Structure formats: C-alpha cells, structure tokens
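The task is simple: from the sequences and hints, build the whole structure.
Count along the sequence shown from 1, add 406, and you get the number used in this note's numbering.
It should be emphasised that the hints constitute simulated quantities derived from the structure, not laboratory data. Hints may contain errors.
[What the hints assert, rightly or not] Per label pair, the in silico range of CB-to-CB distance:
#1 I472 x G435: 26 to 32 Å
#2 E462 x E436: 27 to 33 Å
#3 S456 x T428: 15 to 21 Å
[What the hints assert, rightly or not] Keeping only pairs whose Cα atoms sit at most 27 Å apart, straight-line, the calculated DSS-like set for lysine-lysine is:
#4 K449 x K470
#5 K410 x K423
#6 K423 x K449
#7 K410 x K449
#8 K470 x K410
#9 K470 x K423
Because the structure is a prediction, the values reported are computed rather than measured. Virtual Cβ for every residue (Gly too), placed ideally from N, Cα, C.
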Amino acid sequence: MSDKIREIQGYAIVVDKILFVTRVFEAEGEEGFQFNIAFTGEKRLAPRFSTRHEAELEREMLLKAIREA
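Below is the structure:
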C-alpha cells in the first residue's frame, strides 16, 4: 500500500483526509476498546479492539503514518 493509505480492520484509510483521531477509550457495553477517526466530509470510523494494548498500538501506528505523510 501507499504511504498515504493505511489499513485498519479491512478499511483503507487515506491519511491526508483525516481531521482528528481521539484517544483510546472503553467501548460501550463492554465491547472492548476503541478510538474514533474523523474525516473530511463528516465521515467517521470507530474501530474496536478486544484489548487496550491492541487499540493503542493501532492508534500509534496511524498517528505515525499521519506525521510521515
């Protein structure tokens, strides 16, 4: 994949279209952990992970891709 495209849970994320990324928090209904990604055009994605560590790692990798884009 291109340096400007990141894959998260089957979604291809174009990093230069991201407006913000939230911190990791516990999902409602004890469904694991998640963070939110907001894009231009008022679109949002809320990937969920079974462990906080997995969510934190994926978020950090996404933030690194944003900084490098």
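Here is how each hint holds up against the structure:
At about 29 Å, the CB distance of I472 to G435 agrees with the hint of 26 to 32 Å. With their beta carbons about 18 Å apart, E462 and E436 fall outside the hinted range of 27 to 33 Å. Checked against the hint of 15 to 21 Å, the pair S456 and T428 passes, with Cβ atoms roughly 18 Å apart. Note on K449 and K470: the hinted pairing holds, with a Cα-Cα distance of about 21 Å set against a maximum of 27 Å.
Annotation: proposed proximity of K410 to K423 holds, straight-line Cα distance about 9 Å (limit 27 Å). For the suggested pair K423 and K449, the alpha carbons sit about 10 Å apart, so the restraint of at most 27 Å is met. This hinted pair checks out: K410 and K449 have alpha carbons roughly 18 Å apart, not beyond 27 Å. In summary, the hint linking K470 to K410 is supported, as the alpha carbons are separated by about 11 Å, within the 27 Å threshold.
With a C-alpha separation of about 15 Å, the suggested pair K470 and K423 falls inside the 27 Å cut-off, and the hint holds.
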